[in-house]
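Colleague: The lines below spell out each chain.
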Amino acid sequence: MKILIADDEAVSRRLLEKTLERSGYDVTAVENGKRALEELGKLDGPRLALLDWVMPEVDGPGVCRAVRTRSQQAYVYMVLLTSKGTKEETVLGLESGADDYLTKPFNVEELRARLRVGERILLLEDRLVEARENMRFRATHDPLTSLLNRGAILDLVARELHRSHREQKSTAILLGDIDHFKRVNDTYGHVVGDEVLVEAANRLLGAVRSYDFVGRYGGEEFLVVLNSCDPHFAPGRAEEIRKSISNRVIQTAKGSLTLTMSLGLLLSSEWGPRSVEELLHQVDNALYEAKAAGRNCIRIAKPATMVEPAPAVLPQSVRLRR
Amino acid sequence: MNKNEESLSGQVWNLAELLARVDNDQELLRDLLTIFKEDFPLTMRSLELAVAAEDFKNSARLGHTLKGMLSSLGGQRTAAAAARLEVMASAGETASLKGALDALKHEAARLQPELDAYMSEVRH
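So the sequence lines, in the order shown, correspond to chains A and B. Each residue of the first sequence is one higher than the one before, counting from 1 in the working numbering. Each residue of the second sequence is one higher than the one before, counting from 1001 in the working numbering.
Treat the hints as calculated values from the structure; they're not laboratory data. Treat the hints with care, as some may be off.
With a straight-line cut-off of 35 angstroms between C-alpha atoms, the simulated DSBU-like cross-links for lysine-lysine are [as the list claims (entries may be wrong)]:
id, chain 1, residue 1, chain 2, residue 2
1, B, K1105, A, K18
2, A, K34, A, K18
3, B, K1098, A, K87
4, A, K34, B, K1037
5, B, K1105, A, K34
6, A, K42, B, K1057
7, A, K87, B, K1057
8, A, K87, A, K2
9, A, K169, A, K302
10, B, K1105, A, K87
11, A, K243, B, K1105
12, B, K1037, B, K1057
13, B, K1105, A, K2
14, B, K1037, A, K18
15, B, K1098, A, K2
16, A, K169, A, K243
17, A, K34, B, K1057
18, B, K1105, B, K1057
The whole structure should be built from the sequences, with the hints applied where relevant.
Modeller: The structure is reproduced here in structure tokens:
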């Protein structure tokens, strides 16, 4: 485990360095508080630190305070080394953010024991962070497909619409529904139905850019959000997404299946500032029209006042709706 | 024995304590003594200048550094003298500070031959 020693006094620093190396630590030793902060600020920096109280540049309590104000960092367990012995100074040291303190000259066994306490605290912290991240993932992702769940994708739609309006860009919203999915479930069973959903999710993810979003909107419905999407290219992008589902058979436990998807497409720049609910209602209507038109195609939701561009610029499977 | 000496406690050099601290690692011990031999005179010189200039802040800081260095090496009496100097400097007591510096130099003069003797002994 990595550990930082910060002490301006060379004898103590060397003694600590050697003692800790012998205990199996990967030691970085520095001679002032400024360098200590640099080391502790590194992405993969030490998470255990022994800090002398009195140091040039920044003293030990100053280092503790600075580290504790950094919120986006893994917890650092800090032990202040002090020859100061009064209760007031001990309180001051702990109040600055130190986890523990040791009086110099230190006893080797006590030092090791206190650092083991630090390691246990860090281990517990790691487990807590991991548990919290797992809970966060479960709260925002669909357990079957691992896509964003309905709540999370709707939050993202709202955020992206707000952002694109502010930046005067266009966000493309696609609502896709697997055609005849009920038939898959009824014919092959729910296990195969689940396989189909997982494969569709993977294909959708593979068809978008890393900064676009895909979520499971409902049973076999998926919502895709294409950020900063040029309105002229959006129908082509939607077509690529549609083909990503239909252009290859899906291998399942019960054999290979052909799958298609109908999609509604909406471009935020064409609708102006509208509520998320209204835009989703409009893209849902467009999806409904794609289904009514024979499935495996795309319909674009357009406000009633818009003029339809020449049909030649759109792929055959893409048509406008009003 | 003067008044300053009387109030200082502990051994001039507690080798047993130091050996325990370094886990009986003779090489490390020599390493520490070498660092001490280089750093101690420089720090003492800076301290003498600070005391002469009545620079209490730097006197306190250097006294603190010496206290840490000496206590790590088991130089208990000299460390105690450095600690007292640090207190005097922090309190801004000019007259006492000069007395504390003399006491520190006196204790250091007793400690250094013991360290030198040990270094010479382990070298052979």
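Colleague: Evaluate each hint against the coordinates.
Modeller: Checked hints:
1. B:K1105 with A:K18: holds (29 angstroms)
2. A:K34 with A:K18: holds (22 angstroms)
3. B:K1098 with A:K87: Roughly 29 angstroms separates the two Cα atoms, so the pair holds.
4. A:K34 with B:K1037: With Cα atoms ~27 angstroms apart, K34 of chain A and K1037 of chain B stay inside 35 angstroms; holds.
5. B:K1105 with A:K34: holds (32 angstroms)
6. A:K42 with B:K1057: holds (33 angstroms)
7. A:K87 with B:K1057: Holds, because 23 angstroms separates the two Cα atoms, which is no more than 35 angstroms.
8. A:K87 with A:K2: holds (30 angstroms)
9. A:K169 with A:K302: holds (17 angstroms)
10. B:K1105 with A:K87: holds (31 angstroms)
11. A:K243 with B:K1105: violated (88 angstroms)
12. B:K1037 with B:K1057: Holds, because 25 angstroms separates the two Cα atoms, which is no more than 35 angstroms.
13. B:K1105 with A:K2: Given pair K1105 of chain B, K2 of chain A is violated - Cα atoms ~39 angstroms apart, limit 35 angstroms.
14. B:K1037 with A:K18: At roughly 19 angstroms apart (the allowed maximum being 35 angstroms), K18 of chain A and K1037 of chain B satisfy the hint.
15. B:K1098 with A:K2: violated (44 angstroms)
16. A:K169 with A:K243: OK: K169 of chain A and K243 of chain A at ~26 angstroms, within 35 angstroms.
17. A:K34 with B:K1057: OK: K34 of chain A and K1057 of chain B at ~20 angstroms, within 35 angstroms.
18. B:K1105 with B:K1057: With Cα atoms ~20 angstroms apart, K1105 of chain B and K1057 of chain B stay inside 35 angstroms; holds.
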